[in-house]
Amino acid sequence: MSYFTSLVQNEWMKITSKRQLPYYLIFLFVVLAAAIGLQLWSQSEGGSEVGSVGFTSFIFGITSVFTGIFSIVIASQIITDEFKDGTIKQLLIRPASRTMILMSKLVTIILVVLFVNLAMLLVTALAAFILFDSSAGGINVLWEGTILPFFLTLPNELFYILVAFTAAVLTRSLGLSISIAVILNSLAGMLSIFIAEKPWYKYTVFPHLNWKSYYMGQPPIEGVTFGFTFGIFTLYMLALLLISIWVFKKRDIQ
Amino acid sequence: MNDIVVELRNVTKKIRGKTLIDQLSFQVKRGEIYGFLGPNGAGKTTTIRMMVGLMSITSGTILIEGHDVVKNRAEAMAHVGAIVENPELYKFMTGRQNLQHFTRMSGKAVSQSRIDDIVKLVELEQALDKKVKNYSLGMRQRLGIAQALLHQPSILILDEPTNGLDPAGIRELRDYLKRLAREENISILVSSHLLSEIELMCDRVVVIQHGKYVGEQILDTKHTEEQQATRTIQFHVEQGETAVQSLEGTSYQPAQVENNVVTLTLTRDQIPEVVEHFVRHHIKIYEVRSIAETLEDKFLSMTKGGHIQ
Chain F
1 MSYFTSLVQN EWMKITSKRQ LPYYLIFLFV VLAAAIGLQL WSQSEGGSEV GSVGFTSFIF
61 GITSVFTGIF SIVIASQIIT DEFKDGTIKQ LLIRPASRTM ILMSKLVTII LVVLFVNLAM
121 LLVTALAAFI LFDSSAGGIN VLWEGTILPF FLTLPNELFY ILVAFTAAVL TRSLGLSISI
181 AVILNSLAGM LSIFIAEKPW YKYTVFPHLN WKSYYMGQPP IEGVTFGFTF GIFTLYMLAL
241 LLISIWVFKK RDIQ
Chain G
255 MNDIVVELRN VTKKIRGKTL IDQLSFQVKR GEIYGFLGPN GAGKTTTIRM MVGLMSITSG
315 TILIEGHDVV KNRAEAMAHV GAIVENPELY KFMTGRQNLQ HFTRMSGKAV SQSRIDDIVK
375 LVELEQALDK KVKNYSLGMR QRLGIAQALL HQPSILILDE PTNGLDPAGI RELRDYLKRL
435 AREENISILV SSHLLSEIEL MCDRVVVIQH GKYVGEQILD TKHTEEQQAT RTIQFHVEQG
495 ETAVQSLEGT SYQPAQVENN VVTLTLTRDQ IPEVVEHFVR HHIKIYEVRS IAETLEDKFL
555 SMTKGGHIQ
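Residue numbers (my numbering), protein chains in the order written: chain F, 1 to 254; chain G, 255 to 563.
Treat the hints with caution; some may be incorrect.
Below, in silico cross-link-like pairs of lysine-lysine (DSS-like), each with a Cα-Cα straight-line distance of 30 Å or less [said to hold, decoys possible]:
1) F:84 - G:385
2) G:283 - G:345
3) F:18 - G:345
4) F:250 - G:325
5) F:250 - G:384
6) G:387 - F:18
No wet-lab data here; the hints were simulated from the structure.
Bound-form chain F, shown alone:
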């Protein structure tokens, strides 16, 4: 097994040994159980029935937003905890280069986000197809309506993960890096309204984070191609990545 894979294994072991991840998963399953209970109760009282696909879509829509916030928290924490506990010294006196350490952490965060989302989707869909009416459609409808849109909006999630991650490398403060990512995330929507008409708006990262519009056959801005969107997104991601690597490499550990 390659050295980098072992580093990712280590990060995975650390993140799953902390309380956050199991507790977060329990929280998600409680949300799911409550929603199922509520629906079954409402049906028994004569309320309208729900389709399996509709229910899965609805629940996954909510939990993936939660997971978006959760991913910002763990992307900050995976850096700041090492500084807080002093274990950063233990990490950086090994043969691994600092760039490698940083990349193994980023890869692990992405794996965790994918794992949590897919586990949630699987469990929700399984419960929904057993308990509710599946006549409206099966896996195909779920793929088109829920799974594909999730992957098409993943760039948005990845961008804010990297913002939190870079902020954590720069500030080494958990509160600060979570705040920066969450505030930027909520400001983005508002900001877009004010600057959407400006000619340079298409050079900002914000219109290029949601790729669903291309799937729907309409670019986010008139005359912009998917190639352009992909290019701008990659450029911003690379810039954040290079800043975090550069700062992390240069830092003297006290």
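Chain F is already provided as a structure; the job is to place chain G on it using the hints.
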């Protein structure tokens, strides 16, 4: 195998124009325990951090087993085991998980039997599956040593290892380190501000002050260098004057006499020769005493009174 494990060549560290370490050079030989000593603020921690790659080096080179710690980081670090300040471990994981974590980071294949041996050496078999947050400080210290030794490093670097340990813990650590140097044939570099600790534990002491090399002192008598070094020996004899007269024309000079006590500066091998000389001249010897300079005396004279805790 090369005899020199670690070599510092004109290492300098500047932070914002202030020189913390100034042209520091010294070597660490294989299988010896080195004390790294200096008054507070002398730059011990800064030097150690540069050796393990936590801090950048402004100029100069540090070689570990011949590998430059900056240019060939991976090769150099593969030979290093270290505890910088406290043994920082992942408290939310068990001892076993911590060891697994650092085994994977070592970049070498570490066999299960090796891990078992190390765990036995630091006597943590019982506690290995407990979370580290439930460990006592002494146990954490031992786990810290275990993780530093897994990959069979040629140098173990310990920064202030006795910090926060009680006297029993310090004694335990000292015994472990001595055993390690013997059983694993590795070099150990220990920085400390506790002179008595260093004196009990180390073969050799490197002293720095204001970021500069001040001197080196051998503490262990097994070294030829130490055997060649001279020391002050007092001979309590019946007739001081007669004894001094008998020494005239010999190489055992100069002799001082006071109250029938003859004081000579001799090497280790010369002591029995002088005794034999006196006996041949029928001079009665009542006592032979070596006036050893304590490490503290040596340290104070080296640093010209630079105080230490």
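We went through each hint and held it up to the structure:
| no. | hint | verdict |
| --- | --- | --- |
| 1 | F:84 - G:385 | holds (19 Å) |
| 2 | G:283 - G:345 | violated (35 Å) |
| 3 | F:18 - G:345 | holds (10 Å) |
| 4 | F:250 - G:325 | holds (15 Å) |
| 5 | F:250 - G:384 | violated (36 Å) |
| 6 | G:387 - F:18 | holds (12 Å) |
When each numbered hint is compared with the structure, violations occur for hints 2 and 5.
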